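A.B. asks: Protein chains in written order, with our numbering: chain A, 27 to 275; chain B, -13 to 240.
If you are wondering where the hints come from, they were derived from the structure by calculation, not from laboratory data.
Please note that a few of the clues may not be correct.
[Stated by the list, open to error] Below, a sample of chain A positions facing chain B; criterion: calculated Cβ distance under 7 angstroms:
| no. | residue |
| --- | --- |
| 1 | 116 |
| 2 | 137 |
| 3 | 167 |
| 4 | 168 |
| 5 | 170 |
| 6 | 196 |
| 7 | 219 |
| 8 | 220 |
| 9 | 222 |
| 10 | 223 |
| 11 | 225 |
| 12 | 226 |
| 13 | 230 |
| 14 | 231 |
| 15 | 273 |
[Unchecked claim] Where chain A lies over chain B, by a calculated footprint (3+ residues, C-beta under 8 angstroms):
| no. | stretch |
| --- | --- |
| 16 | 122 to 135 |
| 17 | 146 to 152 |
| 18 | 216 to 227 |
Computed from a predicted model, the values in this text were never measured in an experiment.
All residues carry an ideal CB built from backbone N, CA and C; glycine is no exception.
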Amino acid sequence: MRRSEAVSILRFEDPERRNALSVPMLESFLKRLEEVACDSRVTIVRLEGAGSAFCSGIDLEAGREDPAMLVRLLELLSQAMRSIRGMPQVVVAQVQGAAIAGGCALLSACDFTCGEPGTRVGYPVTRVGLSAAVSVPTLLGSVGTAAARSLLLEGSVIDGTKARQLNLLTHLAASLEELPGLVDELCADLATKAPIAMLKTKAWLNELDESIQESRHQSALEYSLHSAQTDEAALMLERNWKNKKRDQS
Amino acid sequence: MTDESGNEELVQLRSEDGVCRLILNRPQARNALSMEMIESLLEAVEQLRNDEANRVVVLEGAGKSFCAGMDLKGVMNDPLQMGDMLRTLARVTIALRSIPVPTIARVQGAAIGGGCGLCGVCDFVVSHSEVKMGYPEIGLGICPAVVAPWLIRRIGAGNARAILLAGGTMPAEEAVRMGLIDRLVPETDLDDEVDGLVRKITSGGPKAIMVTKKWLNELDGPDVEAQVLKGAELSAEVIRGTEAQERLRKVFAK
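Here chain A stands alone, though its shape is the one from the complex (with noise of 0.2 angstroms):
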């Protein structure tokens, strides 16, 4: 975690691994969470991904290889994006290249949303046999009903321009290059704002969306983990691995 005065930045740091989320990684994200929820001089948070993509979803080979594994992975998932929405501060997200599936999860979970033309964001989930309903009670509110059906029952992976049009992205960089200075920009922009007025009106705004409602996440999780435990997922995530190591070789 780096903080200049009053913005945090958390930054997921595995790089090589297109920063898929593992057990001890999203445990240690909301661990950062909640110490920065704690911290009064924090007004914004900044989310990042360190190398090419902001996040490439859970980690699905160790959810293959142990089902109770995805289990976990989904449980924390969900934990995570209610922690972001729940965070007294502003969240803001930096995305580069993949935000995917848990990836995306997260991102529809921030309050502002940077992205490039490069960024992919999108649910392609249902082809390893797995329900993203879990990123519902965000999504929902994000893009609105047509375009939160559309995205997680096609599955489709969409740009940057397209994530935009959707409101998936509050904001777009005309290139890779300049989305920092994007972000930069946003950032200094919200810290001339008046933090406790800042504070009540996220809160308020969770209020009336119902986006940080317990009983709405634990419903989504509930259909998610449903769907992990079918022979289906456990058949599909296996022709996906297959598929992907013979791609390698």
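With chain A held as given, fit chain B onto it using these hints.
C.D. replies: Leaving out everything else, chain B in the frame of chain A:
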């Protein structure tokens, strides 16, 4: 038009051929909403709420700007009065939404803060390319809690979040993209566009239109009024805090 004491009315109502014009009339202050003005507005809107003789209501501002927002300068030393203004504004928005016929905001110049909030409650917003719209509240230490429930319903929770948490104002094209403006025309065509929309609405079946609006209002949900009133209390609490009072004093000292 003047009131009993000979003063120009702060809010005017003019009805003709089923078209009611509800005019914010304080052009020298860019129609900033003072307590007196909000009270007059409430009275006018309450009247329209129970009036089924009109076919359409056009909300407009006299002079160069539609509405510059809440006039807090006049109550600078009275945070409690600020709270009362917010509570009354909340009731205005509830009554405005309940007007049984379609409402059109005709927005020229600027619609800021509470002024933009009024737009968010109307069924249509017609404006022009040079308009300045937005919710700069959080820059001033104010929580835009009264307008939030309406804004979420108009433009969706994600857009409302991005607009209200960023504060400031936005150019017209962005307001169109966000769904805050329905129709954008050159300033010289603003009246023609509003008139065209009025003709279109009045050519429809009055009962069908009223029933449709009633149903849409019902779909706002059973909680919306309670949310707006709660929003007023929340906003009143934030505005009397040190942070808001310090920021407002700085702004008005300029």
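A.B. asks: Starting from the hint list further up, note which numbers the structure goes against and sort them upward.
C.D. replies: Going through the list in order, the structure violates hints 11, 15 and respects the others.
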